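Student: All chains should be modelled from the sequences, with the hints used to inform the complete structure.
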Amino acid sequence: MLLSDILMLMLCGSISGFLAGLLGIGGGMILVPFMILVFNHLGFNQEVIVHMAIATGMATILFTTSSAIWAHHKHGSIDWKLVASLSPGMIFGGLIGGSELFEALKTSWLSLFFAIFIVYTSIQMLLNKKPTAGRDLPGVIGLFSFGTFAGALASLVGAGGAFITVPFMLWCNVKPHTAMATSSGLGLPVSMAATLGYMYGSWGNPNLPSGSLGFVYLPAVACIVIVSIFTAPFGAKMARKLNVAQLKRVFGIMLFFLAAFMFNESRKAFGF
Numbered sequence: 001m002l003l004s005d006i007l008m009l010m011l012c013g014s015i016s017g018f019l020a021g022l023l024g025i026g027g028g029m030i031l032v033p034f035m036i037l038v039f040n041h042l043g044f045n046q047e048v049i050v051h052m053a054i055a056t057g058m059a060t061i062l063f064t065t066s067s068a069i070w071a072h073h074k075h076g077s078i079d080w081k082l083v084a085s086l087s088p089g090m091i092f093g094g095l096i097g098g099s100e101l102f103e104a105l106k107t108s109w110l111s112l113f114f115a116i117f118i119v120y121t122s123i124q125m126l127l128n129k130k131p132t133a134g135r136d137l138p139g140v141i142g143l144f145s146f147g148t149f150a151g152a153l154a155s156l157v158g159a160g161g162a163f164i165t166v167p168f169m170l171w172c173n174v175k176p177h178t179a180m181a182t183s184s185g186l187g188l189p190v191s192m193a194a195t196l197g198y199m200y201g202s203w204g205n206p207n208l209p210s211g212s213l214g215f216v217y218l219p220a221v222a223c224i225v226i227v228s229i230f231t232a233p234f235g236a237k238m239a240r241k242l243n244v245a246q247l248k249r250v251f252g253i254m255l256f257f258l259a260a261f262m263f264n265e266s267r268k269a270f271g272f
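Mapping the sequence shown onto the working numbering, position 229 (from 1) lands on 229, and the numbers just tick up by one.
Some hints here could point you the wrong way.
[Said to hold, decoys possible] Okay, derived cross-link-like pairs now, DSS-like style, lysine-lysine, Cα gap no bigger than 27 Å in a straight line: (1) K268 x K106; (2) K175 x K74; (3) K74 x K237; (4) K241 x K175; (5) K248 x K175; (6) K74 x K248; (7) K237 x K175; (8) K81 x K175; (9) K268 x K74; (10) K237 x K248; (11) K81 x K237.
It should be emphasised that the hints constitute simulated quantities derived from the structure, not laboratory data. Given the structure is predicted, the values throughout are model-derived calculations rather than measurements.
Tutor: Laid out in structure tokens, this is it:
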């Protein structure tokens with residue numbers, strides 16, 4: 001990689017780490033469009049670029065989330081019993097989604113699905129609307145079923161799952177701050193499972209460049225993680241001081257531009 005590629009990835013890593021700690025999102029989502037630009041610049045095969053960008057972004061969440069988890073844990077914000085209850089389903093869903101479903105999707109459809117997901121997330125951020133608490137947490141089967149769905153969906157878009165686990169926890173009467181912090185704890189098992197799924201499902205793919213473990217491009221992971229692990233705790237600390245609602249709206253607007261980029265990638269892949 002050229003110095004310009006390395007610097008772009010490090011800049012994106014610093015931002016994604018900060019947002020992971022601040023807003024409880026995995027951070028991998030905002031990395032995808034920028035990694036597509038870098039991978040295009042490096043001349044990677046067009047058939048695997050989007051898959052590699054999503055998988056590599058998810059792999060970075062392993063490290064970024066670990067850092068954010070420690071910061072939240074020190075303040076006693078994470079409900080570890082809830083993490084333990086939801087993790088089995090999320091791991092199962094992450095493995096299935098990351099291997100079988102992810103590999104089966106063509107670049108065109110994967111780009112379109114990712115763009116739609118970004119639009120949905122941006123609307124969530126802009127409205128900052130919290131679901132009305134309507135019930136208590138379900139039993140073991142209910143939590144496993146929801147975890148499986150959340151894990152599979154997260155693996156398809158390279159996100160830690162907070163976009164769906166936080167609204168679910170709020171609906172089940174979990175306190176907002178606890179839900180946000182607990183979503184960081186859930187990001188670790190789902191990102192680990194999905195990353196293993198990405199590697200297994202694409203192992204031996206002839207279109208992958210050197211330096212890859214399946215769809216995961218290790219040099220990019222290193223560039224991002226080396227800075228994100230330091231900015232994630234800073235984001236978690238600032239979450240207690242800043243007006244997060246306003247920041248979510250700014251982030252939501254930015255996501256619309258990223259969605260436009262991904263819609264264009266989908267258009268090109270479809271040949272329109």
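Student: Does each hint fit the structure? Answer for all of them.
Tutor: Going through the hints against the structure:
1. Pair hint K268 plus K106 holds up; C-alpha atoms about 13 Å apart against a cutoff of 27 Å.
2. Straight-line distance between C-alpha atoms of K175 and K74 comes to about 18 Å, which keeps the hinted pair within the 27 Å bound.
3. Restraint check: the Cα-Cα separation between K74 and K237 comes to about 11 Å, which is no more than 27 Å; the hinted pair holds.
4. For the proposed pair K241 and K175, the alpha carbon gap of about 18 Å is at most 27 Å, so the pair holds.
5. Distance restraint check for K248 and K175: the Cα-Cα separation of roughly 18 Å lies within the 27 Å cut-off, and the hinted pair is therefore satisfied.
6. Proposed proximity of K74 and K248 is supported: the alpha carbons are some 24 Å apart, at most 27 Å.
7. Distance restraint check for K237 and K175: the Cα-Cα separation of roughly 18 Å lies within the 27 Å cut-off, and the hinted pair is therefore satisfied.
8. The suggested pairing of K81 with K175 holds, with an alpha-carbon distance near 14 Å, which does not exceed 27 Å.
9. For the given pair, K268 sits about 46 Å from K74 by alpha-carbon distance, which is inconsistent with the 27 Å threshold.
10. Our distance criterion of 27 Å between C-alpha atoms is met by K237 and K248, whose separation comes to about 16 Å.
11. A hinted pair counts as satisfied when its Cα atoms are at most 27 Å apart, and K81 with K237 qualifies at roughly 23 Å.
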